[in-house]
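Enquirer: Sequence:
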Amino acid sequence: MDCGEHWVHSKSFENFRLVVRALHCPTRWFIIDCLKDGAKSTKEILECLLEKDETVTSSGLYYHLSELKNAGIVEIAGYIEQKGAPQKLWKLKVKKIVIPLVEE
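So for the sequence shown, the working numbering puts the first residue at 1; every next one is plus one.
I should point out that these hints are in silico values taken from the structure, not numbers from a laboratory.
For every residue, glycine included, the Cβ atom is placed at its ideal position computed from N, Cα and C.
Some clues are possibly wrong.
Straight line, CA to CA, 30 angstroms or less: simulated DSS-like cross-link-like pairs of lysine-lysine [claimed, not checked]: (1) Lys43 with Lys88; (2) Lys93 with Lys52; (3) Lys95 with Lys43.
Quick list of simulated restraints, FRET-style, between CB atoms [what the hints assert, rightly or not]: (4) Lys36 with Thr57: 18 to 26 angstroms; (5) Leu101 with Thr57: 37 to 45 angstroms; (6) Val20 with Gly60: 17 to 25 angstroms.
Take the sequences, apply the hints, and build the full model.
Expert: This is how it looks when you write it as structure tokens:
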């Protein structure tokens with residue numbers, strides 16, 4: 001399996017459900033699009049969404065990122081140190097999802 005792929009196995013319905021749940025929301029597709037060229041901070045993702053006329057609060061963005069992370073689509077790439085809490089850097093964990101309909 002290519003590291004840029006996420007396999008959803010028919011035996012793992014829970015994994016399939018998480019992926020479908022994560023991808024049902026248009027905002028999450030915008031987040032994926034924002035991350036297609038590499039890692040971005042939470043602030044950069046928020047700015048990218050605003051450029052796409054996607055209105056989302058910081059807490060709303062964290063919710064969407066959490067859903068994408070739980071589905072194995074994005075991951076934390078590191079942290080940016082700053083005053084207060086460090087800011088997370090996010091990146092795509094996979095660029096392709098494969099769903100076999102039958103076992104081979």
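Enquirer: Each hint should be assessed against the structure and marked as holding or not.
Expert: Outcome of the hint check:
no.: 1; hint: Lys43 with Lys88; in the structure: holds, 9 angstroms
no.: 2; hint: Lys93 with Lys52; in the structure: holds, 22 angstroms
no.: 3; hint: Lys95 with Lys43; in the structure: holds, 22 angstroms
no.: 4; hint: Lys36 with Thr57: 18 to 26 angstroms; in the structure: holds, 23 angstroms
no.: 5; hint: Leu101 with Thr57: 37 to 45 angstroms; in the structure: holds, 38 angstroms
no.: 6; hint: Val20 with Gly60: 17 to 25 angstroms; in the structure: holds, 20 angstroms
Of the hints listed earlier, there is not a single one the structure fails to meet.
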